[in-house]
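Taken in sequence, the protein lines are chains U and E.
Numbering of the first sequence is given in UniProt numbering, commencing with residue 1 and proceeding in unit increments.
Numbering of the second sequence is given in UniProt numbering, commencing with residue 1 and proceeding in unit increments.
Keep in mind that the hints were calculated from the coordinates and are not lab data.
A few of these clues could be false.
Derived Cβ-Cβ restraints for the label pairs, each shown as a range [what the hints assert, rightly or not]: (1) U:Asp385 x E:Ser197: 41 to 47 Å; (2) E:Glu309 x U:Glu216: 38 to 44 Å; (3) U:Thr24 x E:Gly108: 54 to 60 Å; (4) E:Glu309 x U:Gln396: 57 to 63 Å.
Derived coverage of chain E by chain U (criterion: at least 3 residues anywhere in the stretch with Cβ under 8 Å from a Cβ of chain U; other residues may be distant) [claimed, not checked]: (5) 125 to 138; (6) 172 to 184; (7) 326 to 340; (8) 370 to 384.
Ideal Cβ positions, reconstructed from N, Cα and C, are used throughout, including at glycine.
Below, each chain spelled out in residue letters.
Protein chains: 2
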Amino acid sequence: MAHDEPRKRSDRRSDDDGRTRTVTRPLRLALLGCGSVGSQVVRLLHEQADDLTARVGAPIELVGVAVRRPELHRDLGGYQVPAELLTTDAAALVARGDLDLVVEVIGGIEPARALILSALENGASVVTANKALLAEDGSTLFAAAEKAGRDLYFEASVAGAIPILRPLRESLAGDRVRRVMGIVNGTTNFILDKMDSSGTGFAEALEEAQELGYAEADPTADVEGYDAAAKAAILASLAFHTRVTASDVYREGIAEVSASDVASAREMGAVVKLLAICELGEGRDGPAVAARVHPAMIPRTHPLASVREAYNAVFVESEAAGQLMFYGPGAGGAPTASAVLGDVVTVARNRLADVRGAGESAYAALDVLPMGQTVTRYHVAIDVDDRTGVLAAVAQTFAEHGVSIRTVRQEGHGDDAQLVVVSHRATDEALSATVAALRTKDFVRDISSVMRVEGEES
Amino acid sequence: MAHDEPRKRSDRRSDDDGRTRTVTRPLRLALLGCGSVGSQVVRLLHEQADDLTARVGAPIELVGVAVRRPELHRDLGGYQVPAELLTTDAAALVARGDLDLVVEVIGGIEPARALILSALENGASVVTANKALLAEDGSTLFAAAEKAGRDLYFEASVAGAIPILRPLRESLAGDRVRRVMGIVNGTTNFILDKMDSSGTGFAEALEEAQELGYAEADPTADVEGYDAAAKAAILASLAFHTRVTASDVYREGIAEVSASDVASAREMGAVVKLLAICELGEGRDGPAVAARVHPAMIPRTHPLASVREAYNAVFVESEAAGQLMFYGPGAGGAPTASAVLGDVVTVARNRLADVRGAGESAYAALDVLPMGQTVTRYHVAIDVDDRTGVLAAVAQTFAEHGVSIRTVRQEGHGDDAQLVVVSHRATDEALSATVAALRTKDFVRDISSVMRVEGEES
Ligand SMILES: NC(=O)c1ccc[n+]([C@@H]2O[C@H](COP(=O)([O-])OP(=O)(O)OC[C@H]3O[C@@H](n4cnc5c(N)ncnc54)[C@H](OP(=O)(O)O)[C@@H]3O)[C@@H](O)[C@H]2O)c1
Ligand SMILES: NC(=O)c1ccc[n+]([C@@H]2O[C@H](COP(=O)([O-])OP(=O)(O)OC[C@H]3O[C@@H](n4cnc5c(N)ncnc54)[C@H](OP(=O)(O)O)[C@@H]3O)[C@@H](O)[C@H]2O)c1
C-alpha cells in the first residue's frame with residue numbers, strides 16, 4: 001500500500017546564513033462532492049492559497065473533484081474548476097495512492113463510508129462534514145484511521161462553523177465535562193423562533209422556513225430531530241470519551257409543538273428550543289451517559305434562549321471551567337467550508353510532520369442511560385373541571401408517582417379552567433407515567449401541553 | 001543540554017494478539033507558582049489523574065512546585081502538597097534537565113521570563129497563563145521554543161477558561177479573520193454592568209466590585225485597560241499572523257465613564273462595555289492591523305451586550321465562518337486551571353510523540369495602524385445654547401472635518417438644551433479633531449459625553 005512506503009516529503013537545504021530551511025512539495029488534496037459545502041471549499045482553497053501555504057508550511061494542491069454531474073460544476077462563483085480535475089469516479093480518485101488529504105462532503109452513508117475507508121487505506125488523511133455517517137458508524141472510521149496511521153477530522157459535522165469539537169477534544173481535555181446542551185439544528189431553531197416571535201403555529205412557520213430556504217422540501221431529517229440526534233451522538237462521544245451512536249440518542253422532533261406550548265412557555269418566562277442534551281447521569285453501575293434530543297422550555301435568561309433564527313450555539317458545563325457557550329452559524333456552504341479548511345490545515349501540518357493528531361478517545365466506555373432513567377423536569381398544562389378538590393387530586397397523582405411539584409398556576413375558570421404544573425426533577429419514566437395517569441382521571445378534560453423544562457435547577 | 005540527548009520515552013512490546021502496544025514512563029511536570037491558578041492546577045492534576053493519563057497516554061507526575069513562601073502551601077483544599085515537592089528555588093527546578101513540562105503561573109515579567117527560557121533550553125515544553133509577559137516579549141519566548149524544538153502554549157492567558165486561542169490558531173486557520181472584539185476583563189465588565197443596571201457612578205461600582213472580590217485593592221491594571229490591552233495584543237497576533245505587542249495597542253480605561261454616559265447609551269438602546277478590538281484596516285501600504293482597548297457603546301441587540309457581571313466573551317468575524325462568539329468565565333483559579341490543563345494535555349501528547357504543535361505564526365507581518373488612522377464612530381453629547389442655528393453650526397463643524405452625521409437628537413431646552421450626535425464612520429483623528437473644534441465654539445457650553453460606538457454599520 002502506498003502509505004507503507006514513506007514518501008520523501010521535504011529536503012533540507014542550507015541557507016546563506018548556514019541555517020537550514022525546509023523546502024516542501026505540495027500536499028495533494030482530493031475533494032469528494034462539490035455541492036453547497038464542496039464548492040465553497042474549492043473557492044477558499046483557491047482564494048486563500050497563499051495564506052494556507054504559509055500556515056501549513058507547504059502548498060495544498062487540488063488534484064481531483066468527484067461529483068455525480070460534472071456538467072454542473074464548470075463555474076464556481078467566478079472560479080473555474082479545471083475540467084480535467086472533475087471526475088465521476090470517486091472510487092478511483094481516492095485509490096490513486098498519491099493523495100495526502102481527502103475531503104468528503106458528499107454526505108450520507110454510502111458511498112461516503114467506502115470512499116473514506118479507501119482513502120485512509122491508501123494513505124490519505126480525511127476531513128469530513130458527514131454527521132450521519134459518524135453518528136452511525138464512527139468507530140469503523142476511527143479504527144481505519146488508527147490502523148492507517150492517518151487523521152480523521154470532522155469539526156464541520158456539528159454546528160457548522162462553530163469551533164466546538166476541537167475545544168471539547170483539546171481545550172477541555174484537562175477538565176471534566178458534565179453537560180453539553182446545544183441548539184445544533186438551524187432549521188428547527190428558525191421555526192421555533194418564528195413561532196415565538198409571531199405566535200404562528202408550526203405548519204405556518206415551517207412553510208415560511210421553506211420559502212426562505214431554511215428548510216428543505218422534505219424537512220423530516222431536521223424537523224423530526226434526526227439531524228440533531230446525529231450531532232448529539234458525536235458531542236456525547238467526545239465529551240464523555242465513550243462511543244455513542246445515533247441509535248443511543250432519545251429523539252423527539254418539533255412537529256407536535258403547538259402555538260399554545262409556545263405561549264405557555266412565554267407565560268412562565270421561558271422559550272421553546274429543540275435541544276441536544278448530553279450529560280452524565282447515574283447508571284446502575286456508576287456514571288452513565290444520557291443523550292437526547294427534544295423540544296424543551298428554557299428560561300429566557302439562559303444564554304441559549306437568545307439564540308435567534310437559524311443560528312446555532314452549544315452550551316458546555318464542566319467541573320473546573322464552569323459554563324461556556326459557543327455561538328455562530330450552524331450551517332451554510334461558506335461557514336461549513338471554514339470549519340472544513342481549519343481541519344485541512346491541521347491535518348496537512350500533521351502530514352508534513354508525519355504525525356497524527358489525537359484519535360478516537362473512548363477509554364471511559366460508560367454505559368448509555370435509557371431515556372426512562374434520565375432525570376428531567378416536566379411542564380404540564382391540564383384542562384380541568386372547575387370544582388373544589390381538583391388541585392388536591394392532581395397533586396396526589398404526582399405524589400403517587402414520586403414526583404414533587406415545583407410550581408402550580410391556576411388559570412381561567414368554568415370551561416377554561418387550567419392547571420399549569422412544573423415539576424421538580426424526577427426520572428423521565430416517573431414523569432411520563434404521571435402524565436399517563438392524569439389522562440385517566442375524570443376531572444381531567446385534556447392535557448393541552450406537556451414539555452420538558454431545562455436550563456435551571458440542575 | 002539534556003534535550004540534545006533524546007530520552008527513551010516508550011518501548012513497544014507485543015500483545016497476545018501480535019499487535020504492538022505502547023508502554024510509557026510518566027511525564028515529569030514542574031509547576032512555577034501556586035497561587036489562585038497554580039493551586040487549582042495541583043488539585044486538578046491530582047483529582048483527574050486517571051482521566052489525564054488516559055487522555056495523554058501516560059501519567060503526568062508533579063515533580064516540583066516553586067513558590068516564595070512554602071509555609072503557605074501545605075494544604076490545598078484537602079490535598080496536601082508533599083513538602084518535599086515545594087521549593088523556593090524556581091531557577092534550580094527548571095534547570096533540573098529531566099522535566100517534560102513546565103507550567104508557569106507566577107505572572108509578571110521577571111523572574112517568569114528567565115524561568116520560561118531556562119525551561120525551554122533545558123528541554124521542557126512550557127504552558128503559561130502570563131498575558132503580561134506574552135504581550136510584552138512573546139517573540140523572545142517563541143524564538144526560544146522554536147530553537148529548543150519545544151511547545152509554548154498559553155490558552156489561559158486570554159479570557160480564562162474560554163477556548164479562544166486554539167480556535168483562532170487552528171479552527172479558523174483556513175479562514176480570514178476580519179475582526180476580533182472581546183470583553184476580556186471581568187473586573188471592568190462587572191463595574192460597567194453594575195453602572196448600567198443600577199445607575200450608580202464609577203466610584204461606587206468600583207467599591208462594590210472590590211467588596212465582592214471582583215476588583216483588587218489596586219485596580220489600575222484592570223480599570224485603566226492594561227490587562228485588556230495585553231490580551232488584545234495576543235489576540236491580534238494570532239488573528240492576523242503578525243507580531244503585535246502591548247505597546248502597539250491603543251488604550252483607554254473606564255475611570256472616566258460617567259453615569260451620564262451610561263444613561264446616554266441606554267437612551268439610544270446601547271450599553272457601555274470595555275472592548276478589546278483587533279481588526280484589519282487600511283494602512284498606507286495595504287492591509288494593517290488596528291488594536292485598541294477603550295469603552296464603547298454597543299447596541300443592546302449585539303451578542304456582546306448580554307455579557308453580564310464578570311463574564312468574558314470574544315466575538316469573531318471572519319470571511320467564511322461569519323460571526324462567532326465564545327463566552328464563559330474569564331478568570332478565577334479553577335476556570336483558568338482548566339485552560340492550563342487543556343494545554344498540558346496537548347503539550348504532553350506532543351512530548352510523547354516527540355513532535356511540536358504549531359509555533360508562532362507571524363508570516364503576514366502587517367503594519368500596525370496608529371489610532372488616529374483607525375476608523376471608528378463617535379457618540380457626542382453637547383450642551384448647547386438654546387438658540388436658532390446651533391444645530392446648523394454643529395453640523396457645519398462635523399462637515400469641516402469630513403465627518404458625516406448619522407443621527408442627531410435634540411433634547412431639553414433653555415439651560416438643559418443638548419444635542420446628541422452619532423457620527424458615521426471616520427478616522428479617529430478626524431473625529432477627535434471635530435470634538436476639539438466643538439469645544440472652542442461659543443454656543444457650546446460643555447461636551448458632556450464623548451464615546452466611540454461599535455457593533456454595527458461595519
Ligand atoms: N450544507 C450545509 O450547510 C452543511 C452544514 C454542515 C454539514 N454539512 C454536511 O456536508 C456534507 C455535504 O453537504 P452539502 O450541503 O454540500 O451537500 P450537497 O449540496 O447535496 O452536495 C453533495 C455533493 O456530493 C456529490 N455527490 C453525491 N453523490 C455522489 C457520488 N456517488 N459520487 C460523487 N459525488 C457525489 C454531488 O454531486 P452533484 O453536484 O454532481 O450532484 C454534490 O456535489 C453532508 O455530509 C452534510 O451533512 C452540510
Ligand atoms: N487568577 C486568575 O483568575 C487568572 C486568570 C487568567 C490568568 N492568570 C494569570 O495566571 C498567573 C498567576 O496568577 P494567580 O492569580 O495565580 O497569581 P497569585 O495568586 O498571585 O500566585 C502567584 C504565585 O507565584 C508565586 N511566586 C511569586 N513570585 C515567585 C518567585 N519569584 N518564585 C517562585 N514563586 C513565585 C507565589 O508564591 P507565594 O504563594 O509563596 O507567594 C504564588 O504562589 C498570572 O500570570 C496571571 O496573569 C490569572
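Checked hints:
Checked against the given bound of 41 to 47 Å, the beta carbons of aspartate 385 (chain U) and serine 197 (chain E), roughly 45 Å apart, stay inside it. A C-beta distance of roughly 41 Å is found between glutamate 309 (chain E) and glutamate 216 (chain U), which places it inside the suggested range of 38 to 44 Å. A beta carbon spacing of about 40 Å between threonine 24 (chain U) and glycine 108 (chain E) contradicts the range 54 to 60 Å that was offered as a hint. The beta-carbon spacing between glutamate 309 (chain E) and glutamine 396 (chain U), approximately 42 Å, falls outside the hinted interval of 57 to 63 Å.
Only when three residues or more bring their CB closer than 8 Å to a CB of chain U does the claim for the stretch 125 to 138 of chain E stand; here the count is 0, and the claim is violated. Coverage of the stretch 172 to 184 of chain E by chain U holds. Counting CB-CB distances below 8 Å, 5 residues qualify, and the rule asks for three or more. Coverage of the stretch 326 to 340 of chain E by chain U holds in this model, with 11 residues showing a Cβ closer than 8 Å to a Cβ of that chain against a need of three. For the stretch 370 to 384 of chain E, the stated coverage by chain U is not satisfied: 0 residues place a CB nearer than 8 Å to a CB of that chain, which falls below the threshold of 3.
In terms of the numbered hints stated before, the structure departs from hints 3, 4, 5, 8, listed from lowest to highest.
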